[in-house]
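A.B. asks: Protein chains in written order, with numbering that gives the first Met the number 0: chain F, 0 to 77; chain W, 0 to 212.
Any given hint might turn out to be false.
Every beta carbon over 12 Å from chain F, so not counted as near; a handful from chain W, in silico [what the hints assert, rightly or not]:
#	residue
1	A20
2	E23
3	K36
4	W75
5	K144
6	E157
7	E164
8	K182
9	I187
10	D205
Below 25 Å or equal to it, Euclidean Cα-Cα: the simulated DSS-like pairs (lysine-lysine) are [what the hints assert, rightly or not]:
#	chain 1	residue 1	chain 2	residue 2
11	F	K25	F	K37
12	F	K77	W	K144
13	W	K182	F	K25
14	F	K22	W	K109
15	F	K76	W	K44
16	W	K91	W	K204
17	W	K182	F	K77
18	W	K191	F	K47
19	F	K76	W	K115
20	F	K25	W	K148
21	W	K144	F	K22
With beta-carbon atoms standing in for the labels, derived distance ranges [unchecked claim]:
#	chain 1	residue 1	chain 2	residue 2	range
22	W	W116	F	N4	29 to 35 Å
23	F	N28	W	F138	50 to 56 Å
24	F	V3	W	P104	35 to 41 Å
What the hints contain is simulated information worked out from the structure, not anything from laboratory work.
Since we're looking at a predicted model, the values are computed, not measured.
For every residue, glycine included, the Cβ atom is placed at its ideal position computed from N, Cα and C.
The primary structure of each chain is shown beneath.
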Amino acid sequence: MTQVNFDKELDARGLSCPLPILKTKKALNDLMSGQVLKVVATDPGSVKDMQAFATQTGNPLLSTAEEGKAYVFFMQKK
Amino acid sequence: MEMQALRTPPAAATDAALDRAINERIDVLLEQRLEAKLAEIKAAKTPSMTIIATKGTLDWAYPPFILASTAAALGWNVSMFFTFYGLELLKKDLRKLKVSPLGNPAMPMKMPMGPKWFRAIGWNIPNVVQSVIPAYEAFATKMMKKTIKNNGVAEIAELRSLCLEAGVELIGCQMTVDLFGYKRAQFIPEVKEYVGAATFLPMAKDADVSLFI
Chain F
0 MTQVNFDKEL DARGLSCPLP ILKTKKALND LMSGQVLKVV ATDPGSVKDM QAFATQTGNP
60 LLSTAEEGKA YVFFMQKK
Chain W
0 MEMQALRTPP AAATDAALDR AINERIDVLL EQRLEAKLAE IKAAKTPSMT IIATKGTLDW
60 AYPPFILAST AAALGWNVSM FFTFYGLELL KKDLRKLKVS PLGNPAMPMK MPMGPKWFRA
120 IGWNIPNVVQ SVIPAYEAFA TKMMKKTIKN NGVAEIAELR SLCLEAGVEL IGCQMTVDLF
180 GYKRAQFIPE VKEYVGAATF LPMAKDADVS LFI
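Could you put the whole structure together from the sequences, leaning on the hints where they help?
C.D. replies: Put into structure tokens, the structure is as follows:
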């Protein structure tokens, strides 16, 4: 997978909709513009939901990858 | 030069031609500008949602709070209006919310423990039997809470506080507070106001999404 430098990591494994999104939103609040958040989730719905969240909020989703049973997202704060 | 050119042709014919030309040009420009302006207004507007929450069971507590908290995370303005049994969702203590498969044929009754094959069994218990088992509702509620926990689904209290944290406005229906004899002290102090339909409807009119749950 693509190696991305990140400033904060969020472990959302085991959480169901809508918690991964809500926790992502909260974690982004602590970042400065341009900083990158790494999110690890296991909810299969989070793949589409993170994309929709990125489009709606304007925070770019740098990458999405599947690692074993988890999904890894890198999102940059706008 | 231009002034002269405008004056030379016969007046009546020119006016008509000129009017036509101007109108055609206006139509073209208006369409272009209107589209750009509308897109600009749409982009600048913060989306908004209003929800009417009418149900007070553990299962039906989820849809309004899931949608409200998610919309707030997307940056939308959200207001929730709690009426009838939905008022239960404003109570300080949410642990008393219950669910019952009795008279609820769509609700799968499954066990949240034991091996996979056991969990997969759908227990089809006739209503007449359900109604006579003591504490059946409490049992079903306990099972559902366990399933919720097993699946990493948030508790209602957590979703509600996430909503409040994100600025979702919780509004109570005054009429049903009176109708059911609730005391305001039973509800969380974060409830913004207690109002009637006439206050809620104008909010719903201006919202992009309005849901009745």
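A.B. asks: So, for every hint listed, does it hold in this structure?
C.D. replies: Hints, verified against the model:
no. : hint                         : result
1   : A20                          : holds, 43 Å
2   : E23                          : holds, 39 Å
3   : K36                          : holds, 21 Å
4   : W75                          : violated, 8 Å
5   : K144                         : holds, 14 Å
6   : E157                         : violated, 8 Å
7   : E164                         : violated, 8 Å
8   : K182                         : holds, 31 Å
9   : I187                         : holds, 19 Å
10  : D205                         : holds, 19 Å
11  : F:K25 <-> F:K37              : holds, 13 Å
12  : F:K77 <-> W:K144             : violated, 38 Å
13  : W:K182 <-> F:K25             : violated, 34 Å
14  : F:K22 <-> W:K109             : violated, 29 Å
15  : F:K76 <-> W:K44              : holds, 21 Å
16  : W:K91 <-> W:K204             : violated, 30 Å
17  : W:K182 <-> F:K77             : violated, 45 Å
18  : W:K191 <-> F:K47             : violated, 34 Å
19  : F:K76 <-> W:K115             : violated, 41 Å
20  : F:K25 <-> W:K148             : holds, 22 Å
21  : W:K144 <-> F:K22             : holds, 22 Å
22  : W:W116 <-> F:N4: 29 to 35 Å  : violated, 46 Å
23  : F:N28 <-> W:F138: 50 to 56 Å : violated, 41 Å
24  : F:V3 <-> W:P104: 35 to 41 Å  : violated, 49 Å
Going through the hint list in order, the structure does not satisfy hints 4, 6, 7, 12, 13, 14, 16, 17, 18, 19, 22, 23 and 24.
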